[in-house]
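Could you build the full structure based on these sequences and the hints that come with them?
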Amino acid sequence: MKAQQRGSTVTETTTIPAVSVRDVDCVFGTHKAVDGASFDLHKGRFLTILGPSGSGKTTLLRMIAGFERPTRGAISINGVPVGAAPPHKRAIGMVFQRLALFPHMSAEENIAFPLIMRRFDARTIPDRVARYLDLVQLGPFARRRIHELSGGQQQRVAIARALVFEPDLLLLDEPLAALDRKLREEMQLEFRRIQHELGVTTINVTHDQREALVVSDEVIVMDKGRIQQMAPPTETYRAPANSFVAGFIGVTNLIPATLLTANGSAVRVATPAGEWPGTWQGQTVPAPGDGVTLAIRAEKLRFAPKDTALAGVDHSCSATVADLIFEGERVVYEFSLERAPNRTIRIIDANPAEHSLLARGAHVTLGFSAKDMLVFPT
Amino acid sequence: MRPTTSRYPLIWRVLDGLEAAAARLWPRRFTRATPVLMLAPSLLLVLLLVIGLVELGDSSLRELDTSTFRLSATWTGANYLKIATSGLYWTVIWKSLFGALVVTALSLILAFPYAYMMVRTRSGLLRKLLLVALFLPFFIGQVVRAYGWLIILGNQGVVNDLLGLVGVAPVRLLYNYPAVLFGLVQYMLPFAVLMLAPALTAIPAELEAAAASLGANWVKTLTRVVLPLARPGLIGAGLVVLTLTLTDFAMPAILGGGSQDFIANAIYDQFFRTSDQGLGSALALVLVAIGSLLVGAVFTLFGAGTLAMGRQR
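Heads up: the protein sequence lines correspond to chains F and L, in order.
Per this note's numbering, residue 1 is the first one in the first sequence, and the count goes up by one each step.
Per this note's numbering, residue 1001 is the first one in the second sequence, and the count goes up by one each step.
If you are wondering where the hints come from, they were derived from the structure by calculation, not from laboratory data.
We put the beta carbon where it would ideally sit given N, CA and C, even for glycine.
Take these hints with a grain of salt, some might be off.
Just a sample of chain L residues kept apart from chain F, beta carbon distances all over 10 Å, derived [stated by the list, open to error]: (1) Val-1014; (2) Ser-1067; (3) Leu-1106; (4) Ala-1133; (5) Ser-1213; (6) Asn-1217; (7) Leu-1222; (8) Tyr-1268; (9) Ile-1290.
Subject to a maximum C-alpha distance of 30 Å in a straight line, what follows is the list of computed BS3-like cross-link-like pairs (lysine-lysine) [unchecked claim]: (10) Lys-182/F to Lys-89/F; (11) Lys-89/F to Lys-1220/L; (12) Lys-300/F to Lys-224/F; (13) Lys-1220/L to Lys-32/F; (14) Lys-43/F to Lys-224/F; (15) Lys-300/F to Lys-371/F.
Pasting the structure below:
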């Protein structure tokens, strides 16, 4: 407690990150769940840790919350190393995967719980609980038992309970995973609204790439215990650091290939469907003969009926429609390349009215620009 | 073409045959009576008990004629009067009741951490060990276990031998009230743990993590979250231990050595030593009444719903 007060009296708080993770490992037996994670998060930012299951994202979050201890490395909150401090000695609000609301208490009793535990002045508690009930628009439901509330209302109680004691940090452990899509998207916007309103530093863990892009100021992509990239959502999407990030976010076609020539970042690669131009994304200068991975976003490819010219493309090839998935606002086509029939390429047509829907088996010409064809070291 | 049935496993065909036979015996239109049919065995059992109770009630109202050793032909309240006015029976009743309450409290206090550890431990090996240690006493009857305590706690027992090594004179550890309660707690512990474990399993571990992140230390987490949610299990376990202890016979008989009788021992004496069937029946009915009142009191205090029956929580 003393240490926290010291931390908050430092004048230049803006330069001290709200959360600082340095070279953190977490080993369970022989399994390295988190491997050399380092990042800084500044006050008031909304960070999402995105990754497939087993990528170590939840372990990283649980270490920040104090439920797991790093095998190596250090975690600081507001510049103060938290080391072995147990969860109840940290000022961290957490919304759990299955919410973990107390079933034997009403909504307002749940929200008052952290205030009582953290010895807030008893006279201020009812006002504060009422204020946070209003914040999550649950005023009329204060007296309801948890099982008398809908899924969305329970989410709101969990958020209010995690925020009511004004924690330094809010942690969200995939609380939206169990909701249906419509409610999930509604709650994503709700999280963002509340986070903007209170300005609380937030770390969210999810495997839903859409959620990461929608809610966050920054996105960390994790795989196999390692941080692959930390960047704002637009950058994560437009300039993925490696082929894993490129493949994990968005609908991306990944094609193995071999490098032929490199001229600065302009490269030419040999693919199963012939020689294609691309743009080199690696840090080091590539050598001809290196194995590489091509990544191209499904919406960056263009197509036209066969023998129709595609203007402004660097390369084109022939293909046939293998399948088409009508999703309402967009159509996802799967094309099989003429020169490599086993390799399908997905293309999103976000404006289906422009084209008449193509039938399966129709012959088309595909085209793309070299700048959209990202080439990563394998 | 009709598919050949011979490919299906034999057990399927046997079950199909049984199903067909059942359908013939109990046609579909009888379906609404099925619940009644299923209740029939237990109803029969209760009916037999009721007959026994009526019989007991009848004999309890007949006084033993000590000259003829026959029960009186007319009804009289003499047996109940004897129980009410005799200091001996009040002592026996008080000892049973107080003992049952103490044993229940101690068993719950000891069983809770055991059950909690068994449910929450991450180590599969520890869980198995705890389970085996829990079930082992069930394979050893109550009488054998009580006899074991005689060997350990007797005047020439292991404990007194060890005390003798450090120069302490033999202490009388047996044939007193604490020895009986000790034996009963040891006997009841597995029942309490078995009743508590499912109740604790039903409490998600995430709730305890949540309490910690909200600022509760382990004591607060226990008193504010775990114990309130474990209440149905605690009440269920408490009721089982309470009624089993109240009616126990072997522990007071063996570890009390005849000096620490519970009601059941008094009843036994009347039936098989004094052959006063009337007084024995009256004592038995008093025991039934005390037990029913206690269970009734728990239900009124906490509601039958707390046993996870009735309305969904």
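How the hints compare with the structure:
Every Cβ of chain F is farther than 10 Å from the Cβ of Val-1014/L; the closest lies at roughly 43 Å, confirming the non-interface assignment. Ser-1067/L, annotated as away from the interface, keeps every beta carbon of chain F farther than 10 Å; the closest lies near 64 Å. Distance check for Leu-1106/L against chain F: the nearest CB is about 26 Å away, which clears 10 Å, and the non-interface claim stands. For Ala-1133/L, the non-interface assignment is confirmed: its Cβ lies about 27 Å from the closest Cβ of chain F, beyond the 10 Å cut-off.
A cut-off of 10 Å between C-beta atoms contradicts the statement that Ser-1213/L is not in contact with chain F; the least separation is 4 Å. Against the 10 Å criterion, Asn-1217/L falls within the reach of chain F, whose nearest CB is about 5 Å from its own CB. In this structure Leu-1222/L is separated from chain F by more than 10 Å, as the shortest Cβ-Cβ distance comes to about 13 Å. With a cut of 10 Å on Cβ distances, Tyr-1268/L stays outside the contact zone with chain F, its closest approach being about 44 Å.
Consistency note on Ile-1290/L: stated as away from chain F, and its beta-carbon is indeed over 10 Å from all of that chain's, at 32 Å minimum. Using a Cα cut-off of 30 Å, the hinted pair Lys-182/F and Lys-89/F is violated, with the two alpha carbons roughly 37 Å apart. With a CA separation close to 13 Å, the supplied pair Lys-89/F and Lys-1220/L stays within the 30 Å bound. Between the alpha carbons of Lys-300/F and Lys-224/F the distance comes to roughly 29 Å, so the proposed pair stays at or under 30 Å and holds.
Distance hint between Lys-1220/L and Lys-32/F is unfulfilled; the C-alpha atoms sit about 34 Å from each other, more than 30 Å. For the hint pairing Lys-43/F with Lys-224/F, the CA-to-CA distance comes to about 28 Å; that is within 30 Å, so the pair holds. With a CA separation close to 10 Å, the supplied pair Lys-300/F and Lys-371/F stays within the 30 Å bound.
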